[in-house]
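Enquirer: Since the structure of chain B is provided, determine the placement of chain C on it from the hints.
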Amino acid sequence: MDGEDDAPKSLMEEMYANGIEGVDDAPSSSTSTTIRKNRPIISGEQLDIEAYAALYSGRTKIMRLIFLADHCDNSGMQLEALRMAYDELKKGENTQLFREVVQKIDGRLGPNYSMDATWCAMVDRKADQRKDKLESELNAYRTNLIKESIRMGYNDFGDFYYAHGALGDAFKSYVRTRDYCTTSKHIIQMCLSAILVSIEMGQFAHVTSYVSKAEQTPEALDPPTIAKLRCAAGLAHLEAKKYKLAARKFLEVGPELGNSYSEVIAPQDVATYGGLCALASFDRTELKNKVIDNINFRNFLELVPEVRELINDFYSSHYASCLEYLGNLKSNLMLDIHIHDHVETLYDQIRSKALIQYTHPFVSVDMRMMADAFKTSVAGLEKELESLITDNQIQARIDSHNKILYARHADQRNATFQRVLQTGNEFDWDVRAMLLRANLLKHEYNLRASRKI
Amino acid sequence: MNSVEGLLTQIRGLSSTASDVLSLQNVLKQADESLHAESTRLLPFLDQLDPSKHSLGYLYFLEACTAGPVTTESASSFVLIIARFISSCVAEQIRLAPDKFISVCKRFKDQVLSLEEPLRGVAPMLTAVRKLQSSTEHLTTLHPEFLLLCLLAKCYKTGLSILEEDIFEVDQPRDLYLYCYYGGMICIGQKCFRKALELLHNVVTAPMSTINAIAVEAYKKYILVSLIHHGQLSTSLPKYASGVAQRNLKSLCLSYMELANSYNNGKIADLETYVQANMEKFGSDNNLGLVKQVVSSIYKRNIQRLTQTYLTLSLQDIANTVQLNSPKEAEMHVLQMIQDGEIYATINQKDGMVRFLEDPELYKTCEMIEHIDLSILRLMTLSKKLTAMDELISCDPLYLGKAGRERQRFDFDDFDSVPQRFNI
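These protein sequence lines are chains B and C, in that order. For the first sequence, my numbering puts the final residue at 455, and the numbers step up evenly by one. For the second sequence, my numbering puts the final residue at 1065, and the numbers step up evenly by one.
Just to be clear, a hint being listed does not mean it is correct.
A few chain B residues that don't get close to chain C, going by computed Cβ distances all over 12 Å [as the list claims (entries may be wrong)]: (1) I68; (2) E95; (3) L111; (4) E139; (5) A207; (6) T287; (7) I294; (8) P307; (9) N416; (10) H445.
Pairs of lysine-lysine, BS3-like flavour, derived with a Cα cap of 27 Å [to be verified]: (11) B:K355 x B:K243; (12) C:K908 x B:K385; (13) B:K444 x C:K1043; (14) C:K941 x B:K385; (15) B:K444 x C:K772; (16) B:K405 x C:K836; (17) C:K969 x B:K444; (18) B:K93 x B:K63; (19) C:K991 x C:K1026; (20) C:K969 x B:K405; (21) B:K385 x C:K969; (22) B:K444 x C:K1025; (23) B:K444 x C:K795; (24) B:K444 x C:K880; (25) C:K1026 x B:K444; (26) C:K991 x B:K405.
In case anyone wonders, no lab produced these hints; they're calculated from the structure. Note that the Cβ used here is the ideal one computed from N, Cα and C, for glycine as well.
Just chain C, with the same shape it has in the complex:
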């Protein structure tokens, strides 16, 4: 008890300036063991600390408190405490002990889930993410946890706001895989298929040394979303995908590849029979909704092809060409597509004719010019970033050592010994 009291006074004393906080951190690290030993009795001491001023100390105490198993009653109280802590803590102090913070938030998530109220965790987790990141381009371990909560709570819009930002720095590859996978699912839920495709593509082509389940599941969804959005699936992964992925992914998702093949053949009846036959398989992967969307997208694709060939076409002809059952169904499909903005057409019900129009976008408005201008600026910034990274790597000693060892030698001079290590 005394040590705890002593620790409390030290925390209160040393939490004002940055240097003090650093020395406090050393003290806390040494005291960590003893804190953990007393975990069950630490709860009342938390009230003596102020999370907004003594964040680091509070964090250590909190982490020790939640280390042990948690019952449902204490879970709800813990949830409240942690939520309050997250919203009031100071970001700089938190960043001194990121793993502690991460483990606290993970336990928070577990407790929220055990209470079956994921919605309570969404907002605090968002704040936690923002406080932990060093910049908006930084991906932390908390990102996927946050997205998981959004998915379970079905508030996709909040998840989307995080996904809007570009990520360039990653702590752990596993975080990235999970983040992209969950992010893809959120985008699918919001019907932003383009962004979903992008995120899933990142998982599938990420460098990995062994195949992992996240990549496999991501690839299955990737196939389905690619069919919905593009109407086709490129059969081979791009060259920069890792070797393991290129070799193994396809064989692990065979039924999905079959689906893609029968989609490409264009025969709707075959596609539907195939889907019927493999219902349970798709269902067990929780992809049934997506598969149904794939089937309806094949009608859309056929109708879109018709816009290229015809100016006007009767509903009966549309129904026949696209293999629908009746002109009424054709009318429904065309109407839906006009509302979704996928084709431009007018339906003349008197004659039963559809008139296909050209894309009315003339590219003459101010908004369009602004859009193009902004895109140009954005791309220029990206280019600069790319060149900067390239220069950085060219100066990297590890890279130079490796490149120097493996370069081709055409001349006697090339055989000069290349420094294996730069000792600067």
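Only chain B is shown next, with the shape it has when bound in the complex:
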């Protein structure tokens, strides 16, 4: 999996030549039936909306399509996304979202895609009927006190509310089944449903708590469920900006995930999120052990070869091509519903890490060569290095006249002497002030005591 240079070049050229290597083609080792799934979907090219949407199912598909439509500039893509959302919604029962999508379409897709009031009315009526039926059933079960039936009744309620977009009620119903769960399988089911609704609602605190609750019943956990729980935990950490923990979780997801969690996340996403978070937060050893040498994760990385390439480039210090891949991926990543808030931060962290890693092994670095390697100007590079030095991430000094960066190692002996003298002074000051204050207090106390007596 090492994409190193093939042709032998002279050592000097190799050091400077951080140019782009050819973008790898998609692995051709896929069968015809799965060809669409294995084609790189998140890549530098413009997003193929149909293929993208095919990765997901259920509510998240619709939400992602709506998000895409809101955030992309290309009106063709926008309309395509809205059209697919409309079709998907017609298959379901969520009239609220249907109305929203119709408003966004605004008649641009022709008469077939306009407000279908009759359909809405019909769906709403059926919903009311079903709701009444469910309620009466549930009441019957509750009077009979049959635990299993009550649990299933609440579950059905939860599913019903979820299908109609009433996420808060759905969550409450799912949580109510907790009191009636008898086996660990039931608990797992409840947790998974609660996690699904929480992710849709965006309340990731609940996600973390339910994941830990599910993981406490190990008997009923089969590998796909474990993988699902890890994905959910990873998403929660990502939202909380804990990139290291998110990376660790995503990297632990086993290949058993397959497409079983398409209501939440696709394997491509696992690869992308995990890869980027790892790159931004891991150090070199961890990156090598957990990402590059990780066989399980390799399967995921095959699905997004650009991410695979950029991780390898970073590890082998081909920074220019690494940063170029990142730049290409950016536009598509900004259309993803979970990661778009974090793209900037992750990119900044990756860039800083690249700069630090570049300067780390050297005593002096010619800033002109470094600027070439990173494809920026010397002035811009100087500014970036200055902020890194001020943050104490690089120990070096800039010789602005000759444009050289010199590594600087703190003189321990001098620093120790300075600290010692300073501590001595501070002690001196503190003790003297303390004695003075004690004296004042004693004086005041004596004064008060003598007045009392």
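Expert: Just chain C, lined up with the frame of chain B:
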């Protein structure tokens, strides 16, 4: 008149031995009233007494003389008399009647000030302080008077010599506040900002039951000096500061806190506009000079930060980063800082470059070792003092009574009655 004559003979007779002096003191105390009644006519009698032998008696007479209102002509003669008395009196006799001595010296100070010649009062006051103190660690009421005279006479060095000594015993808290406040001002005048900070800090964190104006003024100066010396201000007072101070000081010095905030933001233009806007306020507190120093210190701080990042830097870049107007100004600032010893650098005028150097101190010289040795000894003495004081307080009956009453009771035995008072 007769009583005065009689008193004079008694003074002359009883001033030789210590026991005699004590009995003389009783006599004088009883005669005090009558002396005061005759205050206007006592002046010629002073010549019959010798201040170096009959100090106590002389003191009583002098105190009675100066009790009444003083005109400018008599002021100058009194000044001469008191100055001579202070330089020749005997310290032990003086210490028997400290309040009299203090009031005499205070009137001396007033007269010197009314003559508008504070310089005349500096040396005598210094001698007075030395004679009144029981030890160099003792703060008397005369200390702040002396420092006030130094301030008004602008001879800061003499004031500094007194400030060098550590103070551990205090008669009156008010003396301490004034002493530290004036001392802080003297140090600011001599640009010893570290010591000024220390003294002002003592005022601000001293135990006090009600807020007083001295603490407020001291806090204003403290903020400014802290910004100049450290480049930052800690926003909360330390825990040992009195409750009143912690609650009230900040609200009473609002414009100064604002200044500190805009200093921390680092934008020089904002700082300068703020200073311009509040010129009169700072001026009315007589802090304008300090405020100007604060503004110039922000440039220094920025330049110092540059030494951490760069080995060489062009003057133009320095001017841009620190928001100065031209490379020439940058050169002036850097030159000033090199002369003051705040940074180590060389300026290459041909290329317009500044090369920042490391601190050349290697900590290898004999002087450095001696310095460290002395510091260690000093700190050990301080530690011993601290432990001694701690032991003293632990044996103090008042403290034991209070601690005993308020201790926690976990067991039946703890409910034994604790003596409220030790009657030894």
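Enquirer: State for each hint whether it applies.
Expert: Hint check:
no. : hint             : verdict
1   : I68              : 42 Å, holds
2   : E95              : 55 Å, holds
3   : L111             : 52 Å, holds
4   : E139             : 62 Å, holds
5   : A207             : 32 Å, holds
6   : T287             : 29 Å, holds
7   : I294             : 34 Å, holds
8   : P307             : 40 Å, holds
9   : N416             : 6 Å, violated
10  : H445             : 6 Å, violated
11  : B:K355 x B:K243  : 17 Å, holds
12  : C:K908 x B:K385  : 19 Å, holds
13  : B:K444 x C:K1043 : 13 Å, holds
14  : C:K941 x B:K385  : 21 Å, holds
15  : B:K444 x C:K772  : 25 Å, holds
16  : B:K405 x C:K836  : 42 Å, violated
17  : C:K969 x B:K444  : 58 Å, violated
18  : B:K93 x B:K63    : 12 Å, holds
19  : C:K991 x C:K1026 : 58 Å, violated
20  : C:K969 x B:K405  : 23 Å, holds
21  : B:K385 x C:K969  : 23 Å, holds
22  : B:K444 x C:K1025 : 19 Å, holds
23  : B:K444 x C:K795  : 35 Å, violated
24  : B:K444 x C:K880  : 19 Å, holds
25  : C:K1026 x B:K444 : 16 Å, holds
26  : C:K991 x B:K405  : 18 Å, holds
Hints 9, 10, 16, 17, 19, 23 from the earlier list are contradicted by this structure; the remaining hints agree with it.
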